[in-house]
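Undergrad: Sequence:
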Amino acid sequence: MAMEATAVTRELIWRRVMDELGFEHARVRRGPEGTELSGVILVAEQGAPLRAEYSVVCDGAWRTRRVSVTQSWRGEHQTLTLEHDGEGHWRKNGRAEEELAGCTDVDLGLSPSTNALPINRLRLEEGASTEIRAAWIRFPSLEVMPARQGYTRVGPARYRYESLESGFNAMLDVDMDGLPIEYAGIWRRLAEGRAAPEPASRRFVDALVSPGPSDELGDAAATFGWLVGGWAGTIQDHDPDGSVRQSEGEWWFHWVLEGRALQDVFIVPSRRAPAQAGPGANRRYGTTVRSFDRTEGKWQITWISPTGGAINRLAGGREGDRLLLLGEHHGKPIRWSFSDIGPDHFTWRGEVQDGAGNWNLQSRFDMRRIA
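For the sequence shown, full-length UniProt numbering assigns the number 1 to the initial residue and increments by one for each residue that follows.
Since the hints were derived computationally from the structure, they do not count as laboratory data.
Honestly, I wouldn't trust all of these hints.
[Unchecked claim] Keeping only pairs whose Cα atoms sit at most 25 Å apart, straight-line, the calculated DMTMM-like set for lysine to aspartate or glutamate is:
#1 Lys332 x Asp344
#2 Lys298 x Glu328
#3 Lys92 x Asp293
#4 Lys92 x Glu165
#5 Lys332 x Asp219
#6 Lys92 x Asp59
#7 Lys298 x Asp177
#8 Lys92 x Glu125
#9 Lys92 x Asp237
#10 Lys332 x Glu296
Sequences are here, hints too, so could you generate the full structure?
TA: Here it is, written out as C-alpha cells:
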C-alpha cells in the first residue's frame, strides 16, 4: 500500500508491567489511503531474548490487509506473512489459510498496539458490545489461529476486551487514535510523540525485501535459496594472455518482490578490503535478479553491472551437483555455474565458448559464508 508523504506518524513505547519482561516501540503511520502499525517488541521469553519486528497495513476503513513478522529467538530467525482481502479470506505465506476464514483483524499476542485495529474499525457507540474473530499470532511459535474475542465500549475512552474462549478479560484505556494507554496492569504506555519521517531508503527496502520465498515457488525455491545471506572470498579474472588478476569481494543475497524473486548485490573489491596496489580483478558493483519460469521449468536471471556496463541474461537450474546457467554475450555462448557447494562455501565460474566449441574460464569466485 502506498502512503502519501503527508502521512502523520506517531511513535510510542509500552512496558509490560505485568512481569517487567518486555517493551514495545511502535510507529503508527496514518495517511489518506490507510494506516500502518509497525514496531519492535523486545521480551524475555523462557529466559532467552526474543526480538520481533512487525508491520500491519490497514486500508482506510482499518481493515487489516497485510501482516509481516520477523522473529529472532534462541539463535533462529522465523518469518510470517499474512494477506487479507478485507472480507475474511486470508493467505499465510502465500497460501490460502481456510482455518482463518471469517477473521477480521490480526492480534499479535505480544503487542498491545493491535487492539487499536478492531477499536478503530468497529467505532462502537458507548455501551455497545460486539464479537469478532481475530487471526491470533502466538509467540514464539508464530502459530496463527482463529480466536473469538469481544469488545465493549464502557466509556468515552475505555473498552473491555474479552477472550471468549479462555474467559480472560481486561480493561483498556485508549487515546483518540484507539491506542492503549493502560492495558489493565499488563502493558503501560511510557512515552509517545510525533515521529520523524522514515528515510525514503528505508521505505524502499521495506517495499523490496521479503522475509522469505513465496510458496508459489514450491520446491524450486531451494535451487538458489541456500544462497540467502552474505559471502566473501577471492575473485579472479583470467585474461586471454593467461594472466590472472585477483581481489577480495563480497556477495549478498535476499528474497525480494514478495518472495517471488531472489536478488543479490556483488561488490569487488570488497568494501572492507584494503586498497590494492596492483591491477586486481575487474571492479564490480552490480546486482542479479533471479525468477522462476514455471512454463520452461528454469530459473531466469539478469545481471546488471553499472561499473562494467554489462547486462547479461541467462537461464538454467540444477544439473547434478551443480547449478548451471547458459546465455549469450556479444554473440558468444556463456556459461555460469555454481559448484563445490557446501553449507559455508561454493565456487562460481564464468566461462565463454570459443569458435571451436571450447569453454574458456573468464572468472572464478571462491566464496565462504559470512552471514
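Undergrad: The structure should be examined with respect to each hint, and the outcome stated for every one.
TA: Status of each hint after checking the structure:
1. Lys332 x Asp344: Violated, at roughly 33 Å.
2. Lys298 x Glu328: 16 Å, holds
3. Lys92 x Asp293: 23 Å, holds
4. Lys92 x Glu165: 23 Å, holds
5. Lys332 x Asp219: Distance ~32 Å between lysine 332 and aspartate 219 Cα, so the pair is violated.
6. Lys92 x Asp59: Given that 25 Å is the threshold and the Cα spacing comes to 19 Å, the pair holds.
7. Lys298 x Asp177: At roughly 49 Å apart (the allowed maximum being 25 Å), aspartate 177 and lysine 298 break the hint.
8. Lys92 x Glu125: Answer violated: lysine 92 to glutamate 125 is near 33 Å, above 25 Å.
9. Lys92 x Asp237: 45 Å, violated
10. Lys332 x Glu296: Answer holds: lysine 332 to glutamate 296 is near 22 Å, not above 25 Å.
When each numbered hint is compared with the structure, violations occur for hints 1, 5, 7, 8 and 9.
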